[in-house]
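Protein chains in written order, with the numbering used here: chain E, 1 to 136; chain F, 1001 to 1155; chain R, 2001 to 2135.
FYI, nobody ran anything at the bench for these hints, they're computed from the structure. Don't be surprised by glycine CBs; every beta carbon is placed ideally from N, CA and C. Treat the hints loosely; a few may be bogus.
Far from chain R, some chain F residues (derived; all Cβ distances over 10 Å) [stated by the list, open to error]:
1) Val1011
2) Lys1014
3) Thr1055
4) Thr1094
Mimicking BS3-like on lysine-lysine, the simulated pairs with C-alpha atoms at most 30 Å apart in a straight line are [stated by the list, open to error]:
5) Lys1145/F x Lys1067/F
6) Lys1147/F x Lys1129/F
7) Lys2051/R x Lys34/E
8) Lys2051/R x Lys1147/F
9) Lys2051/R x Lys2079/R
10) Lys1035/F x Lys1062/F
11) Lys1035/F x Lys1021/F
12) Lys102/E x Lys113/E
13) Lys2070/R x Lys1150/F
14) Lys2070/R x Lys74/E
15) Lys102/E x Lys82/E
16) Lys113/E x Lys1067/F
17) Lys125/E x Lys100/E
18) Lys2070/R x Lys100/E
19) Lys1103/F x Lys2070/R
20) Lys33/E x Lys125/E
21) Lys1145/F x Lys74/E
22) Lys100/E x Lys1129/F
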Amino acid sequence: MPDPFLIVPCSGIGKPFGTISREATYCVVEDLKKGETDTICLSLLVMEDEDAKLLVKSHRCIAVDGCPNECAKKSLEQSDAKLVANFRVIDILRENRNLKPKDVTFLDEDGRKIARILADKIALKADELQHSGAVS
Amino acid sequence: MKMGDDFYQEVADKFIFTVKKGLFYTENDVWTKIKDGEAQIGVTDFLQRRSGDVTFVELPKKGSIIKREEEEIFSYETIKAIVSIASPFDGIITEVNTMLKDKPELINEDPYGEGWIATISPSHLEEDKRYLMTAEKYFELMKSKIKDEKSRREV
Amino acid sequence: MSARTIGVVSCSGECCVEGTISRIATRFVLEKLRPDNTVTICLPLFSIGEKGERRFAKLFPTIAVEGCEKRCAGHAIEKYSGKTARSIIVSDLLKKWDVKDTGSRRELNEQGKEAASKVAEEIAAAMDDICARGR
């Protein structure tokens, strides 16, 4: 089995974007790229958990952020992670102007649609990186 | 966004609202910087925080003739709202911040700097300035808006 | 009880269902139980250094809502702002209530949602206690 990617969502609690980043991650890890990807708690990196730091340094990481604050990307960079790609929910919203996710606690229909679109993009990126033999 | 002596600050819960000193303001949360007869405009930190992350902008057209407070010259969209901005001046739009097309988040990240919207050449600058307020006056207005919003939430 | 603003910081716990319960319970407190005096602190934003979040956590009492005994939320607050006023550990509460099947980290089942509601009540009770005692 090829070396799995780590998909790391921001999981921000204040906006729908955080919930969407989380759902997109689960969609990739549990459905689209099951067995080829995994996830890790972002807060473990903040805690400087040694196992978590080792994981992100030794596996290719894809950051999935909600908004331009880019918390997941920045936390991964601060941990010297092997960051190979990053996505932002807000960019997917810009490409899909008709979708207006509102709910934060449980995603509404538009939120689920955005999450799925994002998940497909992440999965595609993982495939591209796998086939191009990008840094592993 | 730079802090310190350049800004007035008001803290409400975890939010720090800023008003940049030395600019003029409208009661509708638009700032303007007047220099050499030209006026650069943008939205205030208070407005950008209230409206949320900007996803789309509709920029004004360079060369457009505009009337003070009469029509929308700029709008932006967030997941919460569509915000319309009217011009504080009669005049012509001479410059537009085209960076906002690809990076609308500049309005959120740096509303008084890189998030500027347009530059206007006012046709009646002194007359229209009467409708503007100083940073100090706007700061007081902003504080009362924050207080009103908090009271509305608690009702 | 005097209304007082209290920060609630939830672990972001992507890896386990307890993390999801923490998050949802915190949102229930903000949306339904104590909307007037709850401020949620976004842990990822707090962790990268957002001034408003860190300043708030220094000046106001905070409650950490943890998925598990690793206590990521509490440790982050203590590292950058100061000691939390209370800590609620979801895995401990589920054990205490003998709740075993809550669904998955991605989607809670009915029992999971009920557990999240009960955790929210615990958070609200902790907030009331802080207000009553002054800290």
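Tested hints:
With a closest Cβ-Cβ approach of about 7 Å to chain R, Val1011/F is found to fall inside the 10 Å limit, against its non-interface label. Non-interface status of Lys1014/F relative to chain R is broken: a Cβ of that chain comes within 10 Å, the nearest being about 4 Å off. For Thr1055/F, the requirement that its beta carbon stay farther than 10 Å from each beta carbon of chain R is met, with the minimum near 19 Å. Listed as a non-interface residue, Thr1094/F keeps its Cβ farther than 10 Å from every Cβ of chain R; the least gap is roughly 35 Å.
Taking the CA atoms of Lys1145/F and Lys1067/F, the gap is near 26 Å; set against the 30 Å cutoff, the hint holds. The hinted pair formed by Lys1147/F and Lys1129/F meets the criterion: a straight-line CA distance of about 27 Å does not exceed 30 Å. For the given pair, Lys2051/R sits about 38 Å from Lys34/E by alpha-carbon distance, which is inconsistent with the 30 Å threshold. Proposed proximity of Lys2051/R and Lys1147/F is supported: the alpha carbons are some 21 Å apart, at most 30 Å.
Distance check on the hinted pair: Lys2051/R and Lys2079/R sit about 14 Å apart at the alpha-carbon level, within 30 Å; holds. Taking the CA atoms of Lys1035/F and Lys1062/F, the gap is near 19 Å; set against the 30 Å cutoff, the hint holds. Distance check on the hinted pair: Lys1035/F and Lys1021/F sit about 15 Å apart at the alpha-carbon level, within 30 Å; holds. About 12 Å separates the Cα atoms of Lys102/E and Lys113/E, which keeps this hinted pair within 30 Å; it holds.
The suggested pairing of Lys2070/R with Lys1150/F is violated, with an alpha-carbon distance near 36 Å, which exceeds 30 Å. Taken as a hint, the Lys2070/R and Lys74/E pair is honoured in the structure, with Cα atoms around 22 Å apart against an allowance of 30 Å. Our distance criterion of 30 Å between C-alpha atoms is broken by Lys102/E and Lys82/E, whose separation comes to about 33 Å. As the CA atoms of Lys113/E and Lys1067/F are separated by approximately 41 Å, the hinted pair breaks the 30 Å bound.
Our distance criterion of 30 Å between C-alpha atoms is met by Lys125/E and Lys100/E, whose separation comes to about 25 Å. Straight-line distance between C-alpha atoms of Lys2070/R and Lys100/E comes to about 36 Å, which puts the hinted pair past the 30 Å bound. For the suggested pair Lys1103/F and Lys2070/R, the alpha carbons sit about 38 Å apart, so the restraint of at most 30 Å is broken. Straight-line distance between C-alpha atoms of Lys33/E and Lys125/E comes to about 11 Å, which keeps the hinted pair within the 30 Å bound.
Taking the CA atoms of Lys1145/F and Lys74/E, the gap is near 34 Å; set against the 30 Å cutoff, the hint is violated. With a C-alpha separation of about 38 Å, the suggested pair Lys100/E and Lys1129/F falls outside the 30 Å cut-off, and the hint is violated.
Hint check: violations occur at hints 1, 2, 7, 13, 15, 16, 18, 19, 21 and 22; the rest are consistent with the structure.
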